[in-house]
Every structure is written in structure tokens, then in C-alpha cells.
Amino acid sequence: MSELDESMDMNTQMMLDGNALAGKLQTIFGVEMTATSSICAQCGGTSMMGELRAFTQSPGIVLRCPACESVMLRLVQTPQATLLDARGVMYLKIPAY
Amino acid sequence: MKQSIQWQIAEVKAIKQETLTVKTFTLTIPVWVQHRAGQHYDVRLTAPDGYQAQRSYSIASEPERTGEIDLTVERLDDGEVSPYLHDVLVPGDQIELRGPLGGYFVWDTTLGGPLLLIAGGSGIVPLMAMVRHRVAQRSDIPTRLLYSVRTPEDVIYAKELSGLSEQHTRLDVIYTFTRQAPPNWRGYARRIDEMMLREVLQSLESKPRIYICGPTALVEVAANTLAGIGIDAESIRTERFGPTGGR
Amino acid sequence: MSEQFVSRKFQGRRASAETQHRLPPGQHAVTDFPVLSAGLTPQVTQNDWRLTIEGLVQEPITWRWEEFLQLPRQEFVVDIHCVTSWSKFDTRWRGVSIDTLLEQVTLDPRARYVTAYSYGGYTTNLPVAELINGQAFVACEYDGKPLPREHGGLARLVVPHLYFWKSAKWLRGLRFMESDQRGFWESLGYHNHGDPWKDERYSSDY
Numbered sequence: 000m001s002e003l004d005e006s007m008d009m010n011t012q013m014m015l016d017g018n019a020l021a022g023k024l025q026t027i028f029g030v031e032m033t034a035t036s037s038i039c040a041q042c043g044g045t046s047m048m049g050e051l052r053a054f055t056q057s058p059g060i061v062l063r064c065p066a067c068e069s070v071m072l073r074l075v076q077t078p079q080a081t082l083l084d085a086r087g088v089m090y091l092k093i094p095a096y
Numbered sequence: 000m001k002q003s004i005q006w007q008i009a010e011v012k013a014i015k016q017e018t019l020t021v022k023t024f025t026l027t028i029p030v031w032v033q034h035r036a037g038q039h040y041d042v043r044l045t046a047p048d049g050y051q052a053q054r055s056y057s058i059a060s061e062p063e064r065t066g067e068i069d070l071t072v073e074r075l076d077d078g079e080v081s082p083y084l085h086d087v088l089v090p091g092d093q094i095e096l097r098g099p100l101g102g103y104f105v106w107d108t109t110l111g112g113p114l115l116l117i118a119g120g121s122g123i124v125p126l127m128a129m130v131r132h133r134v135a136q137r138s139d140i141p142t143r144l145l146y147s148v149r150t151p152e153d154v155i156y157a158k159e160l161s162g163l164s165e166q167h168t169r170l171d172v173i174y175t176f177t178r179q180a181p182p183n184w185r186g187y188a189r190r191i192d193e194m195m196l197r198e199v200l201q202s203l204e205s206k207p208r209i210y211i212c213g214p215t216a217l218v219e220v221a222a223n224t225l226a227g228i229g230i231d232a233e234s235i236r237t238e239r240f241g242p243t244g245g246r
Numbered sequence: 000m001s002e003q004f005v006s007r008k009f010q011g012r013r014a015s016a017e018t019q020h021r022l023p024p025g026q027h028a029v030t031d032f033p034v035l036s037a038g039l040t041p042q043v044t045q046n047d048w049r050l051t052i053e054g055l056v057q058e059p060i061t062w063r064w065e066e067f068l069q070l071p072r073q074e075f076v077v078d079i080h081c082v083t084s085w086s087k088f089d090t091r092w093r094g095v096s097i098d099t100l101l102e103q104v105t106l107d108p109r110a111r112y113v114t115a116y117s118y119g120g121y122t123t124n125l126p127v128a129e130l131i132n133g134q135a136f137v138a139c140e141y142d143g144k145p146l147p148r149e150h151g152g153l154a155r156l157v158v159p160h161l162y163f164w165k166s167a168k169w170l171r172g173l174r175f176m177e178s179d180q181r182g183f184w185e186s187l188g189y190h191n192h193g194d195p196w197k198d199e200r201y202s203s204d205y
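Chains as they are written, first to last, in numbering that gives the first Met the number 0: chain A, 0 to 96; chain B, 0 to 246; chain C, 0 to 205.
Since the hints were derived computationally from the structure, they do not count as laboratory data. Every value quoted in this text rests on a predicted model; they were computed, and no experiment measured them. Think of the CB as a built atom: it goes at the ideal place given N, C-alpha and C, for glycine as much as any other residue. Where hints are given, some of them may not hold.
As the list claims (entries may be wrong) - Simulated restraints, written as ranges between beta carbons of each label pair:
1. B/A13 with C/Q3: 25 to 33 angstroms
2. C/P147 with B/D86: 30 to 38 angstroms
3. B/Q16 with C/Q3: 25 to 33 angstroms
4. C/Q69 with B/R185: 53 to 61 angstroms
5. B/Q93 with C/N132: 49 to 57 angstroms
6. A/T81 with B/Q16: 32 to 40 angstroms
Using the sequences plus the hints, can you model the full thing?
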């Protein structure tokens, strides 16, 4: 396990996925989002939000397409608001609950 | 699930030492909502000066156990929250949390199987909830758990897992030890690789539902390897825990 | 609105007395070097690596890795401050001062702003006035060793007097411009200027 960690740099090792954003996304959208399908605006690929690659260590949160790595969503929490940039998403398919 | 998730204050009912670095916290939840196996709670700590730290922990207990949950947490030396949980919390203490959360990395018996669960280190936790749920439902869905750990002392739920696999014919637990195997061990003693995955898949009847959870490095290797041997990506669900704890 | 629950015996972070004066508001000192990134580490080879200065310059210039290594290098020891609240004192780097790089170009007088752009797509912006006169450098060594990839190697921008998100990792080029263009984080809630001593974390425009 430790040898494997050394071959993957710390940046990759610290990468999470959309599951880690379940609480935050549910707070924003009002419904569970990790099982929602998202279509990448760059490559057209479909992934569930739980599968998006999450970079949570930077000043904000970045969710990237697992297929082409392009930025699908960006989230920043300021004291006043949550800012959400979803330009990298063609659309979300939110199930009717 | 249309649900407004609010922070609430839970009480620590009991604490169990699972391994040297892992503890299970049984928490009574005022507004308990039945979870699904695979879900997690967010735990938040607040200091007197307002500083907050928050982490997500997978629910270890089965949904059938009402009113309370088990969170199994590995203590990370450089962690912000886990050292507090391990070193400070005692039964009777309160802890702020919200949940249950997640809808992608979940399984219940109605989804069927066979089930292939691949765990690395503390990644066993949500998969254990799935196993416990299967048992509570008296289901006989063929279930295989491939559990990668460094040493035998790192196996969480060791006794329970050996008891369960003895009792249930269609539930197998396969260990692989990556740093040190038990004496006279004749099983796997290496990191998960293609050959191991092929062998593990071999005797599982039809296309299994696959859940992989653990350190990001392990999840990446396992998921990519499975995709490489032709396993349909739709049948694989993943949850990444970040870097491994300890070295 | 109920009062926030406070966790028994949770201290959070505390600054020691000696370092207090070196810490901007809201910061705490660390001894490790946290890795923060918006994406996977770009794997640019020395062969493919280029550093370009372009935009409002008389003539753009591009250095290859071997050429960049020929430029005069200096040691820089600086405190760095990340907007996520950690600060690290006395970080030791070796690199090429921006002033040295700019000796090779003639800036158009209209060039008042710079966009620093990176391999992997990251961007950040600052006024030219904050980049020159010893305020910034392109680092290729950290703590006596080649800059690790996870910290921005092969080379990164370092602008220590501003929050560290302005110190673009995996630097690919500097584009000189007449008007300011908000970068990756500046365009989503973060302060356009980013002075840690003035606690300029978030933009008031949002």
C-alpha cells in the first residue's frame, strides 16, 4: 500500500469524488445529488455526480469529468454566499423524487 | 431523497476499539432517519473561537438497527477531526453531525447481486454496512468481499467477518495483506492487481454489482484494472477516501 | 436561530506568541507544506516545457527548459500565506526573478496587468506593478531540491506578498494586458487583489 502511494503523487492521492460533496450538494440543491447524472460540456460523457473527481484542497471545490478531466463544476463558499459555476456541465438529470 | 438535512447533536453511547488505530463510535441520533448501506454522516467540530473542522464518516451499522448508528473511524495522525474523536470523546459526549448522505454509493438487497465488494483499509466501513444489511435481511445474494490491508492487525471487524463467512455459504471474505501476512498464510499477499481481480471474479456466477472503497490510490488501480479487463463501467461504483493513514 | 454547538475540548488552531507578528489576520503557522490543487498534476516533460512572455510586449519570448536554466538564479527566502488559512515561514526557493525575465522583453506602456497561466488550465491575474521590482520570481527549486511536481514543478510563479493562489503552479506563461482579467479563483468569489495583510480573501462584488 505504501509503495503504491509513493508512485501516485500527493495530489492524486488526495483526490476524492463527488461522494465527499454529498452534504454540500444536498444543502445547495435541496435533494440528494450524488446519484444525479451530469453530462460534460466538453466531451459529452455522462457520469453520476458521485463519480466526478473532486479536488477539495484548493481555495474552492473543483469537480472534474472522470473521462476528460475538464472542469465541470466549481464551488466557492464565501461568508456571504455559495458561488457555483456549472458552465462545464451541459445539463444535470435530477430524478423526480 | 427529498430531505432537508440539518445539523443535529448526537450523543456518544459507546466506543469500541476495533484495531490499534480504529474505533467505532455508537451514536444515538435525536432525529434518526433510516439510512441505506453505503451512506455517510458529516461530522463537524466547533472550537470556542468559532473555528470549524468537518469530515465525512461512513455508517458502519445496518439500516435495520434503529435510532442509533455506528461510525467506524481511523485515527489519522495529521488529521483534524479523527484525533479529536479518538483522543477526547467519551460516552456521554455530544457531537454535531448531519445525514444520512449519499445516493450513489449505496446498496440494498432489492438491487440484487451477485455482489463484489472491494475494500482497502478503512474503506471496509461502508461495505460492512452492506454486508450487515444483507445478513439482517437474511438474504442469500452471493457476496464476495476482497479486503486489502497491510497486516492482520489492521483488519477491522475481523472476528465478525470470520463468523459471518462461516455461517453463510454464499458470503466469502478474501484477504490480501500488502505488508505482512499471518504466519503460514497461503492466500494473497500483495497489492490488488489484474490477476487477483480475475481470480476473484471467476467463480462469481453472473455479472456482479461491484463496490470499491478505500484510499484513492487503491480505488483508482482497482477500477481502472476492472475496466481494462472488460468489466462494464456501469456495474462499478466507487468511493475514494483520500490518502492512506499512516505509513 | 439557535446558538452554535461548541465541541467540548476542541481547540482548533492556536498561534504561538513568537510568530504572532508574522501572521496576517486569520492565519496560522504550519511546518509541513500542504498540497492544494484544482486538478491533477500536469506531467510536462523537460523537453516539452516552455515558458512564454507575450501579449503587450514588443516581441514575445519563449524559453525552453535548458534555456531557462541558463538564466541567472537567486535564492529567495519568503513567508507564504494561503487563503485557506495556513502560513509557512521562511520557505526557501531558488529561481529567476521576474525582473530578470523582463530584461528580455520590452513592455508596451499600455501593459498594466498580467495573466499568469499554467499547464492544466489554471490562471490568475495581478497588476504589473505587483509583479516587478523584486516582488515575484519563477521558482524551480524548493528547499534545496528541484521543485516537486505536486508543488508546481517544473517551475512555478511565486508572489509571496499576495495570497498563494496567485503563485501559479506549473507556470506556462505570462500575458501582459491592458485590462485586468479575473483568473480561475478571482472569477468565482475570491478577491481580485488578495493582500493577506488586509485580509483580502473574498470579493465584495459577489
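Comparing the hints with the structure gives:
1. The hinted range of 25 to 33 angstroms is satisfied by B/A13 and C/Q3, whose Cβ atoms lie roughly 26 angstroms apart.
2. In this structure the supplied range 30 to 38 angstroms holds for C/P147 paired with B/D86, their Cβ-Cβ distance being about 32 angstroms.
3. In this structure the hint that B/Q16 and C/Q3 lie 25 to 33 angstroms apart at CB holds, the actual value being about 31 angstroms.
4. Range check, C/Q69 to B/R185: about 59 angstroms between beta-carbon atoms, so the 53 to 61 angstroms window is met.
5. Distance hint check: the CB atoms of B/Q93 and C/N132 are about 54 angstroms apart, consistent with the given range 49 to 57 angstroms.
6. Judged by the Cβ atoms, the range 32 to 40 angstroms given for A/T81 and B/Q16 holds: they are separated by roughly 39 angstroms.
Violated hints: none; the structure is consistent with every hint.
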